[in-house]
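Trainee: Sequence:
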Amino acid sequence: MKAVFHRDIKEEEVVEVLDIFVDKEGEPRVLFIGSDNRIATAPTNRFTDFENEGH
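Residue numbers for the sequence shown follow our numbering, so the first one is 1 and each next one is one higher.
Keep in mind that a hint or two might mislead.
Unchecked claim - For each label pair, taking beta carbons as the anchor points, the in silico distance ranges come out as: (1) Ile39 - Asp8: 25 to 35 Å; (2) Lys10 - Arg38: 16 to 26 Å; (3) Lys2 - Pro28: 16 to 26 Å; (4) Gly54 - Lys24: 12 to 22 Å; (5) Gly26 - Gly54: 13 to 23 Å.
Honestly, the hints are just simulated from the structure, not real lab data.
Being a predicted model, the structure only gives us computed values, none of them experimental.
C-beta atoms are modelled at their ideal positions from N, C-alpha and C, and glycine is treated no differently.
Use the sequences and the hints to build the structure in full.
Mentor: Here is the structure:
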């Protein structure tokens, strides 16, 4: 699955979403691979335009 990750107001990138989960504090987060090929997590509210590839 692809999504647009908004690092801040001016910077965004298309990332590969690996998983969506709830952390220890009960907050939803996204596990993703960034354009620099690093694996990271961020709150779901930092993402838009989720899209399944090929659909």
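Trainee: Does each hint fit the structure? Answer for all of them.
Mentor: Hints, one by one, checked against the model:
no. : hint                      : verdict
1   : Ile39 - Asp8: 25 to 35 Å  : violated, 20 Å
2   : Lys10 - Arg38: 16 to 26 Å : holds, 20 Å
3   : Lys2 - Pro28: 16 to 26 Å  : holds, 18 Å
4   : Gly54 - Lys24: 12 to 22 Å : violated, 34 Å
5   : Gly26 - Gly54: 13 to 23 Å : violated, 33 Å
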